[in-house]
Structure formats: structure tokens, C-alpha cells
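> Top to bottom, those sequences are chains L and P.
The first sequence begins at 32 in the numbering used here and counts up one residue at a time.
The second sequence begins at 32 in the numbering used here and counts up one residue at a time.
Please keep in mind that the hints were generated in silico from the structure rather than gathered at the bench.
In this text the structure is predicted, and so the values were computed from the model without any measurement.
Some hints could be false.
Note: identical chains are not told apart, hence a pair may lie in one copy or across any two.
[What the hints assert, rightly or not] Taking lysine-lysine pairs in the PhoX-like style, the calculated list, with each CA pair at most 25 Å apart, reads:
{"no.": "1", "residue 1": "K540", "residue 2": "K573"}
{"no.": "2", "residue 1": "K675", "residue 2": "K513"}
{"no.": "3", "residue 1": "K271", "residue 2": "K512"}
{"no.": "4", "residue 1": "K395", "residue 2": "K368"}
{"no.": "5", "residue 1": "K366", "residue 2": "K395"}
{"no.": "6", "residue 1": "K350", "residue 2": "K467"}
{"no.": "7", "residue 1": "K650", "residue 2": "K358"}
{"no.": "8", "residue 1": "K540", "residue 2": "K587"}
{"no.": "9", "residue 1": "K122", "residue 2": "K234"}
{"no.": "10", "residue 1": "K467", "residue 2": "K329"}
{"no.": "11", "residue 1": "K640", "residue 2": "K358"}
{"no.": "12", "residue 1": "K122", "residue 2": "K602"}
{"no.": "13", "residue 1": "K467", "residue 2": "K358"}
{"no.": "14", "residue 1": "K316", "residue 2": "K370"}
{"no.": "15", "residue 1": "K587", "residue 2": "K512"}
{"no.": "16", "residue 1": "K300", "residue 2": "K350"}
{"no.": "17", "residue 1": "K358", "residue 2": "K413"}
2 protein chains.
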Amino acid sequence: MYGNKAYLNCVAREQASQVWLERLEATGYFENIPVERIAVTNALGRVTAACLYAAQSVPHYNGSAMDGVAVLAEDTFGTSDTRPLKLNILKGDQAYQNGGCYIVDTGDLLPEGTNAVIMIEDTNISEGQAEITAAAAPWQHVRIIGEDIVQHELILPEHHIITPVDIAALLAAGLEEIETLARPVVTVIPTGTELVADRRHLKPGTILDVNSHMLCAAVSTWGAEARRHTIVIDDYQAIKQAVSESLACSDMVVMNAGTSAGTEDYTAKVLAELGEVLVHGVAIKPGKPVVLAVCQGKPVVGLPGYPVSAMLTAELFVKVVLTARQKLTQHNSVKVKAKLSKQVYSNIGVEEYIRVSLGNVQGKTMAAPLGRGASLISSLTKAHGMLTVGRANDGISAGSEVVVSLLGNNNSENNLLAVGSHDLALDLLGVHLRRKAQRTLSCANVGSMGGIMAVRSDEAHIAGIHMLDEQTGQYNTSFVKKYLSQSNWQLVHLGMREQGLMVAPGNPKKILELADLIRPDVIFVNRQRGSGTRMLLDYQLKKLGLDYRNIKGYEKEVGTHMAVGATVIGKAADVGLGIRAAARALGLDFIPVADEQYDLILNLAAEDKQAEVIIEILKSTDFRRNVEALGGYDLTFAGNLIAKSGQ
Amino acid sequence: MYGNKAYLNCVAREQASQVWLERLEATGYFENIPVERIAVTNALGRVTAACLYAAQSVPHYNGSAMDGVAVLAEDTFGTSDTRPLKLNILKGDQAYQNGGCYIVDTGDLLPEGTNAVIMIEDTNISEGQAEITAAAAPWQHVRIIGEDIVQHELILPEHHIITPVDIAALLAAGLEEIETLARPVVTVIPTGTELVADRRHLKPGTILDVNSHMLCAAVSTWGAEARRHTIVIDDYQAIKQAVSESLACSDMVVMNAGTSAGTEDYTAKVLAELGEVLVHGVAIKPGKPVVLAVCQGKPVVGLPGYPVSAMLTAELFVKVVLTARQKLTQHNSVKVKAKLSKQVYSNIGVEEYIRVSLGNVQGKTMAAPLGRGASLISSLTKAHGMLTVGRANDGISAGSEVVVSLLGNNNSENNLLAVGSHDLALDLLGVHLRRKAQRTLSCANVGSMGGIMAVRSDEAHIAGIHMLDEQTGQYNTSFVKKYLSQSNWQLVHLGMREQGLMVAPGNPKKILELADLIRPDVIFVNRQRGSGTRMLLDYQLKKLGLDYRNIKGYEKEVGTHMAVGATVIGKAADVGLGIRAAARALGLDFIPVADEQYDLILNLAAEDKQAEVIIEILKSTDFRRNVEALGGYDLTFAGNLIAKSGQ
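Chain L extracted, bound-state conformation (with noise of 0.2 Å):
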């Protein structure tokens, strides 16, 4: 019985997916599939469910190969320039007599009675007579009855995938309609109390359902046909009741999600009711919690209710019955080698995928790690690609070499890689570089020195940077003179941006400037060590004679200006530094503790030229228009070369 959490006992995925698809093929789950009769025309990405063989011969008659004229060869032996020949020209109803030829165009029928076609460039015609001036060989310029494609012979194989060309190929073998295997039903249940279809339904402690749709989406890709059921409340009997329907009318069902060992999580229950659970936890992360069921000889897979365990697990066990079931050869990922960037822990006895970014720089590809939290939707949508940390395996350090399956189809070789300060600018140099470059930013915000540091050891291409050298009052130079000795960099200036405390809508708390951080009712919310607003803070602090220490939350750090300007949404903190842009896009109100300085460091090679790409985009009236929308922006100088390497 269920109930307890001695169930959830966690195989290796290995051994998972094996016991499962072993059970499956015993119930002959991949036997006799059915069939689909359709059009040839209509069957574009099909799969055919046998061996097509030519119902006629490609060409089906013997046809001129050329325009000319249609000749018996052997009326033409001895002709040669000294002794050129005259050929009687025949109309096309006329019985072919000795001597006699016929005009063909390209695809004409080859009349009775010749067997070669001279090009009409070889030929002089006047006076209904055609003249040679070489002997032709039996069968030249004719295309034989069945040269392309012989009746009966193999057109496709059975399960294959119908491409444009296969459709050419069947409808001139003469095939109208063929049998091809139906897709298989995938019946997508969305369970959980919680859940909500309609964002205008969405509340505190709601949660919209989106990985249904997401779920479907994947499926179709995968050449299924998805069906989403409505969303099913955490009731035992409702479940059943779905999963019972479902069953009914479908090949697979998948249930998302109750598939945890809570109280209220059903799904393993159910599924032991209705077949047989094979597996209740996979030793992966993130995506633990897998129910893999056989009920009524169909695959019944419990997933994650996290978006990313979500996806992931059904990338490892969904695709792998739904290509099963349809004949197709399990596709490996394309791989590619990287460095990574970052070191990335893991625990011992778990699979974990982690996904990543990829770029490469000065001749590596670097592979920079995500977000890495289960209800991180973004860290799947700027995923470039997947990298697995095996059982065995505690972590990875910064700098080796990893193996990264590549996801769907992202060109991470157009990928430039920003890491550094977060500026929402950079999101806009992102979009004008995919306009005018065709190429893609990735941004890691790591601050101001993380970006140095990436630049120093090329795993950056660009560097966003703020900061400020307290001894000579300049922002950035001094930094990246000291820091960067290789020979590649630029630093260029982007713009002055607005530093200022973000607080709450009407400023409740009567903040007014920095002093009032230390005040026992006021809570802060602050940016992590080396972050250039950190830095600001600091130097703020100190000439103002503040001590952090009274400060309430100054321990609390998160990464980006929007991250603060969150945190203070959610009343987590009562105030935060940031830039005005961040303050104005979510109607906080801002007050200004300083003006800054801005700039990129760029280390590209100098023969890409993508370097005076960025710069003319910085000058470009257009992005100085885009960015200085956003609030608190002065872009006047922007693209100006501040320093270089070697100067």
C-alpha cells in the first residue's frame, strides 16, 4: 500500500528507462502499431509503415532526352562531315519508313520505329529534310523506360520519414496514397489544486498551468498528436477518472504532476491501482520525483511539477517511447566539447543536468552554467545546451573540459557571451547584434569584477563594468589596466546611468537618502560581493562615516537590479540600490544617490570585426534612442574607445 516515503527509492535513469521499455515491448506496446491510409500529398514528415515499392516505371516510356531529331541509328552509319546525310522529315502520324526522322522536343515519346535523337544544334533543316553530319549510337539522348526508377523496385523503406523529395519520388512511381504509421495519442493531464488555467484566476498560492502547453508543444515536435486534458483537482477518484479516459482514447498519457510523495500526491497511487508502477523515482536532478507506469499495456508517465524537471524528464523517458513507438531511430543529440566556465556542485549517487550557455571565445567554446533551480522556466529558454554530471561525480571544477549535448536549434557558434554587471541595455545590444549581426547574446550577471575576471581568462567576449576607483575618482580604467595583460581588449564607454534607491510605491518608509538604511524599521536588500552597485554602496557608505553592520539585510544578496527590485515588491526588503531604468520598468519609486560610468570591455578577435559592429551599434541613433527610453540613461558618448590593450 501507499503511503509512506519508502517508496520513492530512486534507480538510475539507466535502469529506469529499461525495466520500463522492457515491460512495454512485453506487452507488445511496439507491435502492431496502426495504420493510416493517406495521401502522398499529405504525408510530408510521415512515417510509412511499410516498404513502398514502384507501382509504375519513372520515366514509363522511352522519351527524347534532348530536343532534336528522332532517327533509326543504323540509317546513320557512315555519315561523317565528308559524307553528311539527308533525313526525310516525317510528320509525328506518319509511319516511320527508311530514311525518315522525326522533330521531337525534350520529353517527347521516342516514335515507333527510332531507336536515337540528334540535337537540333546538330542538325540543318530546310525543305522537310533534316541534315547530319555524324552517325548517332542506338539509344542516344533517350531516356529508357525505367532509367530513374524501375517498377517494383524499393522507393522507401517502412519506417522512414517522408521528406519533399520521397513525395516526388512516390507520386512519379505512381503511388496516390500509402500507409503510414498513425501518430500516436498522447493524452497530457495537468493535475493539482493549485493549478489555474486563466491567468485572470491567478492568486496567491495559484499556480498557472503551463506546463501542460509546454508539454503538448514538445510532444507534437516529437510527431505525436497531443491532447490536453483540463486541469484535475488533487482527488484520488478524479484522477482515476482521468487517467481511466485518457487510457481509453489514447497510446501514452502523461500526468504532470502529484508525483511526489506528499500527502495530496496521487499519481503512483493511482497508477499502482489502474496497472503497474515500474519506477517511483529516478536518481536525476532535477526531476526526481518520475512515476514510469504500464496501464492496459500503455506507457503511463508521472513528471515533476517543476517546469524545468517538467521538461527534462520528459526529454528522457516521453521521447524515448513516443520514438519507440513510432520505428525511429533513437537520435543522439549532437555534441560538443567546452570549458566551463564555472565550477558546478553536484551531489554523489544523482544524474544532474545542468544547462548552460555556450560562446565561443578567442577560439574556445566556453560553456557558462544557468540558473539552476527546477522552477527556473528562463534558465531553460537561454539554455543553449545540457550537460550531465554523473552519479560518480561530486561536481566539476571551473576550466575543464565538458561534454554538452546541444539543445534543439540554437547556433551557439553565433553566440557572443556578455558576463559581468547586468544592465538592461545589454539586452537591447542583444537585439540590435541579432538585426544588424546575426548573432545572439547571452548575459551571465556575475558584476562588474566577475567580468574582468572572465575576460582575463577568455571566457568572456564582452564584459559590462561599473566601477569606481576610489583613489583616482575614474570608473573602470584602472581596473582593467591592472587586471588584463593579454593583448585583445577594448574598453568602451556605453553610458552614465542613474544609481539610486529603489523603494516601494509612494515610499512608505519615508526613505530619503542612504543614512536612513540604518534605521531599526528599514530593510535592505543588497547586491552580491564585486558587483560594480556593491562597490558604489560601499564607497557611499564610507565617505557618509555609515557602519554596514546596522544595516538590516545587507547580508541578503541577490544579482541583478531587477532581483532587487523584486525583492522589494515582494516586501522581502523595504529599499535596494539600483538603476532607475530597473525602477521605472516596475513602478517602483527611486531616489538618486549617484551618476555612473558604464562601459563595455570587448575581447573579440580583431579579424571578426564583430567589435566595430558593437561600436556602431553603441553610436547608432537608434540604440542610444532604445536605452535612454528605459529612464536614468545619458548615451552621449556611447561607442567612444575609452582604453586599449597596449596603449
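Using the hints provided, position chain P relative to the given structure of chain L.
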């Protein structure tokens, strides 16, 4: 004025593309693309028209990230194993009071007044109290508003193809409808008086219109909405009207064909009247007669009529425009290096595209050129990749390293190359290999001797041979031992098969034995030199004392048994030598001449077990029955090892 041939002036491909795209660019064709507002749930595969920003934060409230108790962290400070703390469990509707806590599930709204969650496993709950033994840090196990996505953050850039995870991110970020680029509408117009739409109307001299269906399928895979026009006859006014009407309701028009310089080739003339013809004739093969025009600011392309030419030129010229129109990155196809297995010739001044099949033999990738005729649809369905011979090149010699662009979804890694004698059983072996080992099989038919030579130079995995040693009266073994010195081959028996004379049904020429071949009224069709069938013929002729010079058609060679049969059906010959299975498939009469032994040389690395799988297939009842059903085969000893290297 059009009307002579001088205008077909053959510019280079790059130049043709450039001049056309530049003109389209100048007319604004790539600007102001119409947008279509669609539901996010229907947006899979569509292209974003603009950058998409979050309408709400994700999560949209501060929630518990665990099942546990929500507390005010400050209440727990000082708690430890030795100083446990009991908190009063409050009901959800009770206001927070000091020392209180709430039971929460994952995803629940964090109750007002609390700022941390303690995992349920770390608490001891009894009598309305939760006992804890460690302090909680503020905001531990809490998902803060905007942790994943902050309102107004960029979710997807403009001109991005929407994937399943993007759908999840968009929905979660509060977007229900988005603007996508309208799919470009492409109308394909089949032109030609010789074309018929229905194969029931097919007769000699007419051609089934297959290209328009192929082209519609192709443009739909390139993101366009394809519309197929009905067939238009070769009539200037009819074509002009079809183009005018299509232009009015399309973003692009594809005409096929009428692009050459013949008297009935109206495409270029019509387009010159309706707009501007920028290119007529590109220096490529196949595909030279391409017309690139701009009419009413829209691209109109005329593609040549042979299917291979039509498809290749569509890839070169239609795809590039559709990609640019949809603002997508031009993806270069994946390229692999390979060793060319056979010399190819080309013309200086012409860029030639050669279809090849690929296979990995003993660690190196081999590229085997396929049939080169522009009319050979079968060469497109069989091709794994395309090899380009540059304009400055008159060919590439066998053994050269070449770069092959992979086509579509081909999994050539899993492809086995069979080079050698043609036998219908090889097609069936391919079918079984696919089923049993997810391997495909490509056959190049070069005759038995060609097969031995291909294995000798490690250019084939499998060679089918049937070579009679006149001295020993035995088949195959002596040749294999003589020519193959490398270490890995096995010679495995496939079957005995009947060779004989194929003649038209009813045997109109009353051919009864080989001696009839020298009759003056009998025309023969031969197989190529080096083929086992040719060797058998020559051996039998010699035995009978017949002089091959007396055989009419002895010099006409074709490459397969089926081609011999097709030649007889096409009346280009009265008789040919081939296997009973081919005669039976084609409904020809068959006069037995000899039984012969057909064996396979397997050249497969011992470690990958492929040889074992093949032998298993050969010995299986399934395979035996399938082959014997073709007629004329005896597979009693199929799969028996006849000889192997080193013995």
C-alpha cells in the same frame, strides 16, 4: 526582346543570389513584414515579430519552496539542539503573532508576518505546536516574487522561433497572445503542356506533375504557407495570367518550369513583362536554367523542370529568400569530411552538385557518388549529402578528401555501404538491418569486381559478389583470397540464384537459348564489365563457342538486373541476362541459363558486432522467406561462413 538564346548567360551562383537579394532588399521586401496576433498556445514554431517582455513576475507572490512551517526567522534566533523552541501553530486565517507559525505546502503563499520556512522533516509537530532545533535564516526556503522572471524583463528576442519551453515561459510571464511574423505565402505554379495532374491521364509523352507537390512540401518545411496553382499550359497569356493572379495573393511565386531557352519556354519572357528579370541562367549543374525576377516588389523564381534540378535550385534560391523574409539566421548545413570513393568529372566554369551516400568504413567516412542525371529522383531519396565541385575544377579524383554538406535528417553514421553486384536480396537485407540494428544500407551497384576492389581499399562494408572461377569451377573464394590481403574480411553465403534470359511476355522473338542471341533479328542488352552476370555470359558464350561480336547490342551496358528488364520492357532490346526475381517482378518471361552462387564479403570491425547481426539476419527464417518469395532463390545455406581472412 527575348527570343534568342543569348540571354541564358550563366552567371555564378553567388553573384546570382546577391544581385537578386539586393534588388529585393532595395524594394523593401524584407521590411515591414505583416504580423499575426496568435495565442501563445498555438505559437510553436512561429517567429516572434518583436521582443517579448514579461507582463508579470514569476513567481508572482512570495511562496514556500518546501513543505514545512512558515516562521518569522527573527523568532527562531538562538534556537539549537540544546535550546529547542516550540512555536504555536496558527490557522491560515489567523493573523501572525510573535512565536507563532503556519503549516505550509510547497507553493503556498507565505503567510503575512513570516519570512522563512523550516522543512517539515526538521520539525516535531504535536499538540498544536511545532518544535524546532535550529534557527531559520530570513528568507530560507522561500521563493521570492520575480526569482525566475521579473516583470518587464525580456523573455524572447524578436525573430526567434518559438519552442515548447518558450511557450511555458511566455504563459508564465503572463502573455496569452503575441505578435508573430505572418508566414510568407508561396504559390507554386506548375507549367507545361506535357504535364498531367492525375496519373490516370498519363500517356507516353506526358509527365505526371510531381514537382509542384515536392516544392510545396519543401517551402512548408522552410516556414512558408504553400499554395499549389493548377497546371498551366505553355501559353504566354495563360502563364502571364497565372503569375499576375498569384502575385496578388502571395509573397513569393515559384514557377516550374519553362525556364530554358526553347520556343515554348515563356517563364523569363512573362516575368520580363511583369517585372524585372535579374538572372536567367546560373552556372550550376544540375539546374542551369534558373530565372530570378522581381515583380511588383516580390520575388518570382523560375526553376528548371527536372526534379533534381528543381529541388536543388529551390534549396539554393527559394530557401534563402524565405529565411531572410522570416528574419531567421541562415543556417549552413552541417558539413563532414569524407573520402570520395569514385572519380567524378565536371565542367570548368560550372559549379556542380553531386549527390552522395555516406558510410563510415574502418574509421573513415566514405562518400559514394550517386546517379547524376537531373532527372533521377531516386538519387535524391537515396542521398545523404551533397558534394560541390567548384567552377575552377574539372573533377575530383577517387580517394580525394572532400567536404560533404549533409542533407536533412540523415543519420549517415549508422549507414552501411554495400558496393558491388546488384541483388534484390540486398534491399531486403537493408529492411531487416533497419529493424534489427537500426542500421541503414546504401547500395552502389558497380559489379562484383568493383565490390572486391571497394573492400580492398576499405571503401565498403559489404560487397555482394558472384564470380565464377573458370579454372576451379568454384564461385567467389579464389577471387576474394587473391585480391583481399587486409585482415578483417569474411565471405558469407547469401544464396543460390537462377540467372537466365529475360524476354518480353509471350517471348515474341521465340528466344530459347543463348545461341539465339546471335540471330540478326535479336537485340541484346548487356551488363557492365566486371559484373558477375557479364562474366557468366562471357563464360557461357565461350563454352558454347559463340562469338560476342555477332550479338547486336552487346556493347549496350546497363547497371542492374532491373535495368536490363526495363530495357526489354521499353523495347530498346529483345533480351538480356539477369536473375529470375527481376524477371518475375517485371512480368517478363524467363529462360533459365545457370544457377549461381551469390555471397557477401563483410568488411566490418570485429568489435562492433555488425557482422554477427548480418549473419543472424541471413540465417533467420523471416529473411529467407522474404528472399525466396522473390523467385529463383535458394537460401538453404544462407549465413554460412565460406572463408575468412587469415585462413
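> Against this structure, judge whether each hint is valid.
Status of the hints after comparison with the structure:
1. Proximity of K540 and K573 under a CA criterion of 25 Å is satisfied intra-copy only: 23 Å inside one chain copy versus 111 Å between copies.
2. In this assembly of identical chains, K675 and K513 lie within 25 Å of each other by CA distance solely inside one copy; the values are 12 Å within and 69 Å between copies.
3. When the C-alpha separation of K271 and K512 is checked against a cutoff of 25 Å, the pair qualifies neither within a copy, at 67 Å, nor between copies, at 68 Å.
4. For a Cα distance limit of 25 Å, the shortest separation of K395 from K368 qualifies both inside one copy, at 9 Å, and across copies, at 21 Å.
5. With identical chains, the CA atoms of K366 and K395 are at most 25 Å apart both within one copy (15 Å) and between copies (20 Å).
6. Taking CA atoms no more than 25 Å apart as the test, K350 paired with K467 passes between copies only; the shortest distance there is 20 Å, against 37 Å inside one copy.
7. Taking CA atoms no more than 25 Å apart as the test, K650 paired with K358 passes between copies only; the shortest distance there is 23 Å, against 55 Å inside one copy.
8. For a Cα distance limit of 25 Å, the shortest separation of K540 from K587 inside one copy, 19 Å, qualifies, whereas the shortest one across copies, 98 Å, does not.
9. For the homomeric pair K122 and K234, the shortest alpha-carbon distance between copies (19 Å) is at most 25 Å, but the shortest distance inside one copy (85 Å) is not.
10. For the homomeric pair K467 and K329, the shortest alpha-carbon distance between copies (23 Å) is at most 25 Å, but the shortest distance inside one copy (50 Å) is not.
11. For the homomeric pair K640 and K358, the shortest alpha-carbon distance between copies (22 Å) is at most 25 Å, but the shortest distance inside one copy (47 Å) is not.
12. When the C-alpha separation of K122 and K602 is checked against a cutoff of 25 Å, the pair qualifies only between copies, where the shortest distance is 22 Å, while the shortest distance within a copy is 95 Å.
13. For a Cα distance limit of 25 Å, the shortest separation of K467 from K358 across copies, 11 Å, qualifies, whereas the shortest one inside one copy, 43 Å, does not.
14. Only within a single protomer do K316 and K370 lie at most 25 Å apart by alpha-carbon distance; the minimum there is 22 Å, versus 43 Å between protomers.
15. For the identical chains of this complex, K587 and K512 are neighbours neither inside a copy (31 Å) nor across copies (78 Å), given an alpha-carbon limit of 25 Å.
16. Taking CA atoms no more than 25 Å apart as the test, K300 paired with K350 passes inside one copy only; the shortest distance there is 24 Å, against 52 Å between copies.
17. Taking the closest pair of Cα atoms, K358 and K413 come within 25 Å of each other only across two copies (19 Å); inside a single copy the shortest separation is 32 Å, beyond that limit.
Checked against the numbered hints given earlier, this structure breaks hints 3, 15; the rest are met.
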